[in-house]
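Chemist: Those protein sequences? They're chains R and D, same order as listed. Okay, so the first sequence: first residue is 1 according to the numbering used here, each after it adds one. Okay, so the second sequence: first residue is 1 according to the numbering used here, each after it adds one.
Among the clues, some could well be false.
Unchecked claim - Covered stretches of chain D, going by a simulated chain R footprint (3 or more residues, C-beta under 8 Å): (1) 21 to 27; (2) 194 to 203.
Claimed, not checked - Computed list of chain R residues with no C-beta within reach of chain D, every gap over 12 Å: (3) 24; (4) 29; (5) 40; (6) 63; (7) 97; (8) 100; (9) 117; (10) 134; (11) 182; (12) 186; (13) 212.
What the hints assert, rightly or not - Not close to chain D: a few residues of chain R, all C-beta gaps over 10 Å, as computed: (14) 5; (15) 6; (16) 11; (17) 49; (18) 54; (19) 73; (20) 74; (21) 76; (22) 104; (23) 112; (24) 135; (25) 146; (26) 164; (27) 192; (28) 215.
For the record, the hints were derived by calculation from the structure and aren't laboratory data. Every residue gets a Cβ at the ideal spot worked out from N, C-alpha and C, and that includes glycine.
Read off the chains here:
2 protein chains.
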Amino acid sequence: MSEALCLHSYWRSSAAYRVRIGLNLKGLRYEIIPVHLLRDGGEQRKPAFAEANPQKLVPVLQHGKRMLRQSLAILEYIDEVWPETPLLPATARDRQRVRALAQVVACDVHPLNNLRVIQYFEHEWNVPQPERDAWVRHWIEEGFEAFETMLQNHPATGDFCDGHAPSLADCCLVPQVYNARRFGVDLTPYPTIVRIEQACLALPAFDAARPERQPDAPG
Amino acid sequence: MSEALCLHSYWRSSAAYRVRIGLNLKGLRYEIIPVHLLRDGGEQRKPAFAEANPQKLVPVLQHGKRMLRQSLAILEYIDEVWPETPLLPATARDRQRVRALAQVVACDVHPLNNLRVIQYFEHEWNVPQPERDAWVRHWIEEGFEAFETMLQNHPATGDFCDGHAPSLADCCLVPQVYNARRFGVDLTPYPTIVRIEQACLALPAFDAARPERQPDAPG
Chain R
1 MSEALCLHSY WRSSAAYRVR IGLNLKGLRY EIIPVHLLRD GGEQRKPAFA
51 EANPQKLVPV LQHGKRMLRQ SLAILEYIDE VWPETPLLPA TARDRQRVRA
101 LAQVVACDVH PLNNLRVIQY FEHEWNVPQP ERDAWVRHWI EEGFEAFETM
151 LQNHPATGDF CDGHAPSLAD CCLVPQVYNA RRFGVDLTPY PTIVRIEQAC
201 LALPAFDAAR PERQPDAPG
Chain D
1 MSEALCLHSY WRSSAAYRVR IGLNLKGLRY EIIPVHLLRD GGEQRKPAFA
51 EANPQKLVPV LQHGKRMLRQ SLAILEYIDE VWPETPLLPA TARDRQRVRA
101 LAQVVACDVH PLNNLRVIQY FEHEWNVPQP ERDAWVRHWI EEGFEAFETM
151 LQNHPATGDF CDGHAPSLAD CCLVPQVYNA RRFGVDLTPY PTIVRIEQAC
201 LALPAFDAAR PERQPDAPG
């Protein structure tokens, strides 16, 4: 698997952030191809990007000639092709829990707060910014309340969401906490989430994936 | 794995519908525990359901004493524990594609149109029904446009989303087409989606999972 890896990414996209973490945890080299989601109506909506992803969304991981879409499916692929430093635990039962945690964020929080959704409110319904921001916070708080409970109630929770190494769940959680801070969510009710986020960000793989470390981040 | 399987389900929940299809494809016996999402403010929000799922969402698959949450994570679990009649193809590359198709629906269409989201618009923003319905159709059309392109552009597409047997992608697609019809989406632009939906519904596993066949469906 010596084919080149290129990640179509935007510094502030939390789905791209997940994949950057996964690639870094595996120690893989990859080129970042920045896709500016706001400039000029959004580069992801240009015909040039349609071959990369008919969904007009980042991230896309290009592996040789293959275009891989959907961040969780990309992370599972990375984990299967490069099995060292696994992103999923060893048993079906534990994998189920880690995937479910990842999906709390990736299915039930993030898609509701994605750029295209906020733009719909702004352009179709004229929802004012304070109400749009309250919407964003609402779904983060709903999701984090469940996520925190699922961590606190389970013996598998360790330094990270599952035991003592980062997993798919941590790849999703850390970017979502970044968004929560950005929108001013009070994180006091989620002590386990914040503790795990801090443990993750202390690792070079997570640190290098941070939005502000990306080549397309504003200077 | 002779422990009993119980599915906390609602007849019209498309996430529960996915899991019913998966269980049926595996030929597994399971008991349906109906959770009425509308009655009395929603049974999923009662304290009695919190142990089953802190997210207050269906489906939950109970396997012995384990509570398994998140439909895609449940389907992956079923596929790992009962590997016969696989829901995922044999290679990492093909699995990536099938998971990505499933996630187009499960991450980028369905969560935006979920009951709790529509209720937020109704109760917090007083969005009238015609605009709520237009919102639902908008995200289905966006998702289906990409899904159709991803099917048409790929040689792996067969009678089903991947070749000649149903997969995780079909488990997600068929319930989403059910929702599309319910909300009056014009399906003419998506001939491949409709062809695959019809092939699926001709199979007993899909037919028995239909909303109207469920014990909690209105008479």
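Chemist: If we take the beta carbon of residue 192 of chain R, is the closest beta carbon in chain D still more than 10 Å away?
Modeler: holds, 13 Å
Chemist: Are all C-beta atoms of chain D more than 10 Å from that of residue 74 of chain R?
Modeler: It is violated; residue 74 of chain R is separated from chain D by about 7 Å at its closest Cβ, not greater than 10 Å.
Chemist: Counting residues of the segment 194 to 203 of chain D that have a beta-carbon nearer than 8 Å to any beta-carbon of chain R, does the count reach 3?
Modeler: The restraint on the segment 194 to 203 of chain D is violated, since only 0 of its residues have a Cβ under 8 Å from chain R and three are required.
Chemist: Holds or violated: is the Cβ of residue 134 of chain R farther than 12 Å from all Cβ atoms of chain D?
Modeler: violated, 8 Å
Chemist: Is the Cβ of residue 11 of chain R more than 10 Å away from each Cβ in chain D?
Modeler: At roughly 21 Å from the nearest Cβ of chain D, residue 11 of chain R sits farther out than 10 Å, so the non-interface label holds.
Chemist: Can we confirm that no CB of chain D comes within 10 Å of the CB of residue 5 of chain R?
Modeler: holds, 13 Å
Chemist: Report holds if the minimum CB distance from residue 215 of chain R to chain D is greater than 10 Å, and violated otherwise.
Modeler: Non-interface label stands for residue 215 of chain R: nearest chain D Cβ at 26 Å, farther than 10 Å.
Chemist: Does the claim that residue 73 of chain R lies off the interface hold, with its Cβ farther than 10 Å from every Cβ of chain D?
Modeler: Not fine: 4 Å to the nearest Cβ puts residue 73 of chain R too close to chain D.
Chemist: Determine whether the non-interface label on residue 212 of chain R survives the test: each CB of chain D must be over 12 Å from its CB.
Modeler: The claim holds: residue 212 of chain R sits with its nearest Cβ about 26 Å from chain D, beyond 12 Å.
Chemist: Against chain R, does the segment 21 to 27 of chain D show at least 3 residues with beta-carbon separation below 8 Å?
Modeler: Violated: only 0 residues of the segment 21 to 27 of chain D have a Cβ under 8 Å from chain R.
Chemist: Over 12 Å to the closest beta carbon of chain D is the bar; see if residue 100 of chain R clears it.
Modeler: violated, 4 Å
Chemist: Test the statement that residue 49 of chain R is away from the interface with chain D: the closest C-beta pair must be farther apart than 10 Å.
Modeler: About 12 Å separates residue 49 of chain R from the closest Cβ of chain D, which puts it past 10 Å; holds.
Against the hints set out earlier in the document, violations occur for numbers 1, 2, 6, 7, 8, 9, 10, 18, 19, 20, 21, 22, 23, 24 and 25.
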